[in-house]
Amino acid sequence: MFKKSLILISLVLISSLLFLTGCGKGLSTGPKKVTMWIMPNSQEPEKDLTAVLEPFTKANPNIQVEIVSLDWGSAWQKITAAATSGTGPDIVQLGSTWVGMVSSMEALSDLKDNVNKVGGKDIFVPLAWETSGLVSSNKVTAVPWIVDARAMFYRTDVFKKLGLGVKDLDTWESFELALEKIKKANLTINGIKVDPLGITGKNDWNIVHNLAPWIWSGGGNFFTDDYKKGNLAKSDAAKGVAFYIGLTKKGYVPLSCLEKNSYQISSEFSNGSYAVYFDGPYALKTLTTPSARGGTADLPVAKNFGVAPYPQGPKGRFTYGGGSTLSLFKYSQNKEAAWKVIEYLTTDPAAQIAYAKVTGFLPATRKAFEDPYFTSDPQRKVFSESVNFAKNYPCISYWGALEMTTLPRRFGLMWSEAMSNVQKFGYKEVLSNMETADKEIDSVLGQ
Amino acid sequence: MRRNYIAEAKKYKVAYAFIAPAFVGMLLLHFLPLVQGIYMSFLKLNQFTLFAYLGAPYVGLRNYSDALFNPASPMRLGLGHAALNTLIYGIVVTIGTISIGMIVALMLNRKFFGRALVRTFFIFPWVIPQFVVGILWGFMWQQNNGVINVMLYDWFKFDKIMQFIGFHVSSTKPFWLSGDPRTLVAIILPTMWRGWPLSMLMLLAGLQGISQDYYEAADIDGANGWQKFWQITFPLLKPVWSILILFGMIFNFYSFNIVYMMFGNGAGFPGDWGDLIMVNIFRNAFLRYDFGTGAAVSVMLMTCMISAVLVWYSFYKNVEKDRA
Amino acid sequence: MFKKVPYHVKYKIFNQVINFVMISMLIITLFPIFWMIYNSFMSNQDISLGRIMMGRAAHHVILSRKLVDNSILLGTSDGAITFYKDDKIIERNNFKTFATSMEMNNDKLFISSGDKGLYKYDLLAKQAENLQIPWQEQLKDPLFINKIAGTVMTLSADGSKLWLTIAYNNYGTIFEVDAKTMTILRSFDVRTLFASSYEKISISALVTAGDILYAGTNKGLIEVSLADGQVKQAYGNDILQGKDIKYLRSINDQQLVFCTDYQVYLYTRSTHETKAVYSTHSTEYLRVISAMRTGQDQVYIGTSAGLVILDNSGKLVKDINGAWFKDVDEFGHIRDGGKLIEGDIINIDFINDQEVFLESLHGRVAIFDLKEDKLVSTILVDKPGYINFRWRNYVDLWNNIDFGLYLRNSFIICGLTMLISMLLATITAYALVRFPFPGARTFSVGILATQMIPGVMFLIPIHIMFTNFTRYTGIPIHGTFGGIIFIYSAFFLPFSVWILRSFFAAIPVALEEAATIDGCTPFQVFLKISLPLAIPGVIATGVFVFIVAWDELMFAWILTNAKTMTIPVGIRLFVGNFQNRFDLMMAAATVATVPVMLIFFLLQKYIVSGLTAGAVKE
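Residue numbers (the working numbering), protein chains in the order written: chain W, 1 to 447; chain F, 1 to 324; chain H, 1 to 618.
Same shape as in the complex, but just chain W (with noise of 0.2 Å):
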């Protein structure tokens, strides 16, 4: 008797609040309901993209759309849970460099008959079409949507001060011999000590992207052109990798940046104490924007501060560019909302121009790149001719697990190496870690 009504009131107890939780949804009958996953882009990620669709919910009264904000951490794994068990949204932002894996999962609809009806893939910046699918895969599984490149921004008032300008930072050489320049100048401005350049270490997500142009522009390469073998080592990526580490050698970047990350950096130089470093073009929203709307603009630095390219090294001029993809599940009951949702975003131009201008990405299609609030801007006009030369990764299914694993503890044990005794870190050191490296990847390559 007792057992009976023990069970029955533990599994009351249980079920109810199953239900008292969950039935919360129901049923909606009425527009169809499009919903969609993405990064925290801009400040307010869900409104300000409500805000950007406005012309196109009002245009299209049957398609509602939900926007839920993840975040980059949490994303990986709630994209992966979605992808295998079929439960989740309509549309998912996927990071560039994620496009492969993701891809590779069989998850995402190919859309490529889509985006052909409206121009293909000539209406997008060639940077944002190379990972819109896989690379031998011949589908298109993402469409670009925010473009995303990395430049150099240095402070006017320092170099103004030491007679050098934009030209001192075109070339390994030059820049290396301004930011030598800056260093025997021991500035303090405002009372701040002024390193001449504030670079990340090892605990940083972005440790792939900030290697990867000095990588490329000393002429090394990631892979081999089959994409089956590493060839760091090869390739000398080793050469652009010295190169880099070899400015905290010389003691242009304060040691202890070497354990901080991008944000601290960023805040870093906003608050005075590099007079160069690397970024994206959210940055220079960041400086720009009044602190009235969240920016930093009112900082004395945010006055004092341009934009320039990365130096060309001995192979050419390369920077990292990324950004972000629409893609669609496979799953998704409402595919031909959704797409539409997806077209909107990604090719109208007013709405390329609109969300570029909220979240400071950059757009993907070429013809919001006329728009003059990209040319016009000397500032961010380095941004937008930055994705010129901008390279990134090879769309291929096992980047994503080489860019989160295996590189990072690869270049993490180089710059821990480097961190513990740099005077000893050189040339030779660093082809070790390449060689390593290659062998690393190999090993994932081959599984």
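Just so you know, these hints were derived from the structure itself, not from any lab. Heads up, some of the hints might be wrong.
Derived, one-sided and incomplete: chain W residues facing chain H with beta-carbon distance under 7 Å [to be verified]:
#1 Asp226
#2 Asn271
#3 Pro290
#4 Gly294
#5 Gly295
Glycine included, each C-beta is placed from N, C-alpha and C at the ideal position.
Since the structure of chain W is already known, use the hints to place chains F and H on it.
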């Protein structure tokens, strides 16, 4: 015989009713997932096959052999180091928490003014959530602005003192979280800081349960404090510290949150000397999508843990027997 | 020699040594907690610059006046007004405000602030009157103080009315206040012009001319008719290139002047014409406009490197540079012997036809002779602002993430988990201890065994099991309280049973046997005899479960969504998105810790007696 069981079961129907919910819960959320997890360890479960889940290709013991013997397997990267770290970390933290707990418990087991308050304050670190411990100590270990380095080098001139004593210590502030052996210290200390109050609390209660008669008898025999501790207190507290060793083994070898949050708040690779096995498995399974091998390593880890607990139990059985 | 010391003295010394060691350990133990809380009240800039001491509010001079008795009044941005005579402070009054702006008319000084509303200070009567301005009414965001970049205020020519607003993201409400009675007359909302815009408005300057109130915004110039309260766009921001209007003044009845960071524009009211007249953006280097004032039919522009004077047609009259300000640190203390350096001019006030006050950061003012182009003298407010004990960090935290929701979720989830697992654990533990039923031993071993499964192993199977369950039954588990409570209860159950067993084992069997003889059913025995005796243990175990559940991150990470997110998940997300905000990180850490600390503090009696008793009396 069989009937006998049924009869007995009937006799104890209340007992069965009592344990039924717990049994169901354990079956659903421990046993079933465990079986699936073990099965996963025999599958080639990665990003290409995750959609099929248990329908993924069966590869037998390959995941195990990969993790153990195949030097080319990406799972192997840093696994040995992580295992070694976990071993050192687990042992040092367990022994450390118990020793500090014992010392403080002995100090608190005296009569003095404000004893209850002091005890309460000592327990505070234990109440702090682990992820907070990670964030907080990560913040304190920073090289340049971290308060630990600031105290050691700017306030107390640690380097000068060491030089004075005769040790050569570099006067630049060290990196604590760069991945060299110092990092192991940097993850052990916070874990101990959070862990020892619980040991202290339990040992203190144990101490209070020891009858004063033993000590009086020892006094008559002329034993000093040291002897009294090793001859009376320590053996009599055996039930407590042996339980604490069990807790310590389970919690510390499976420690995850503190280390995970300490390094770039989950962003960075902790470095060779900062990696723990759980963090390693998590990274390989969830960021590299190698669930099969991840599960294989988990199963091996669990096997190690079970054997360790079995060893512990054979020891603990004697404790129970002694008392009976 | 030591041996001759009597025993009780030795004992006392020994005791003192132990006390000393104990207290040192206590300090070391508590220091990290103190450090967390202390840093949660510091400003992030101080933390990232490695400062140990708490920062102070900035005390930039924002208003200077020469009074009739030849004393000088300096208003600073920390809400202080300081009266100087012959270089000595004769009086000082500190309102300790935040986002301060000041205006003065005759003997009335108006101080508007983001946190304390509007003050009217009567210089003759030396009395202050306060009016709370309901900024937040328009926002439905009660905790927004932190984001206010500044207050914007303008007085009517006769000083009878004033208009004020705040520089804040998407805030467009302007209040009209009667300066005599200090009452709010009405308010205008300029946001109505941009209802559908994705870009947000913020007002940075106000000025009246005739019966029109002009507002300088990031969306150009907006006019509000004071006659009927109608809001109109006077001038859009097409040629502003998306830049904000920073300062706005009227030159005369017909002309307004406004500027962005580098560019000055003239606006003629009758023709609604705007033309760009002057740019500080020379080819050589940047000079940012940091102040603008009109007077004597001229425009005075303060920049980061001097003073520029334009006439009423925008033609350059003068461009003066020079080192006019003492070198001071942020507290206003003299550095380098106070040699003169260049500084940002952040405000200009007129003394007479010939002399002006040039006001700069950190309490510095220069009195400058415009006819002779030379520095007359300097004044320095060397009283740093109030200690910036930043409660606001918590407000900011609350603003940036929905911390209230996470707290509530955590309480619901951990509380119910605790209740359910305690309910089940009690009966299970009781059954295991009291009834030697077949399988009891196996079950006990099983309970211990569950603790040895690494959590990572569960994650994917549970996730997929739940998904399938939802697919076939339609009952959602992901992102519901039910799902996560179910998981937690089941997870912490074995451990609770393990601890609770010993409590029941400690209860004498004889008591229960007596009750059984009295005719109690086994259930009644449990309820009336054993349970009450085991209550301290149950509470202790419950708190333990609560603390562990409060800490759980891995499962909550995957199984909760935006609406059911717990504190660890919220903090993890927060920390991920605000990795440079150590102040907020520490505030978040403090908020996550305080509830458990409180619970522990309240229930510690039970925990100490309960948890330990269980361990010992196995």
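Here is how each hint holds up against the structure:
This hint is violated: W:Asp226 has a C-beta 32 Å from the nearest C-beta of chain H, more than the 7 Å allowed. Residue-level restraint check for W:Asn271 holds (minimum Cβ-Cβ distance to chain H is 6 Å; threshold 7 Å). Hint status for W:Pro290: holds, given a least beta-carbon distance of 6 Å to chain H, under 7 Å. At about 6 Å, the closest approach between the beta carbon of W:Gly294 and any beta carbon in chain H falls short of 7 Å, and the interface hint on this residue holds.
Taken as an interface hint, W:Gly295 does not check out: its beta carbon lies about 9 Å from the nearest beta carbon of chain H, beyond 7 Å.
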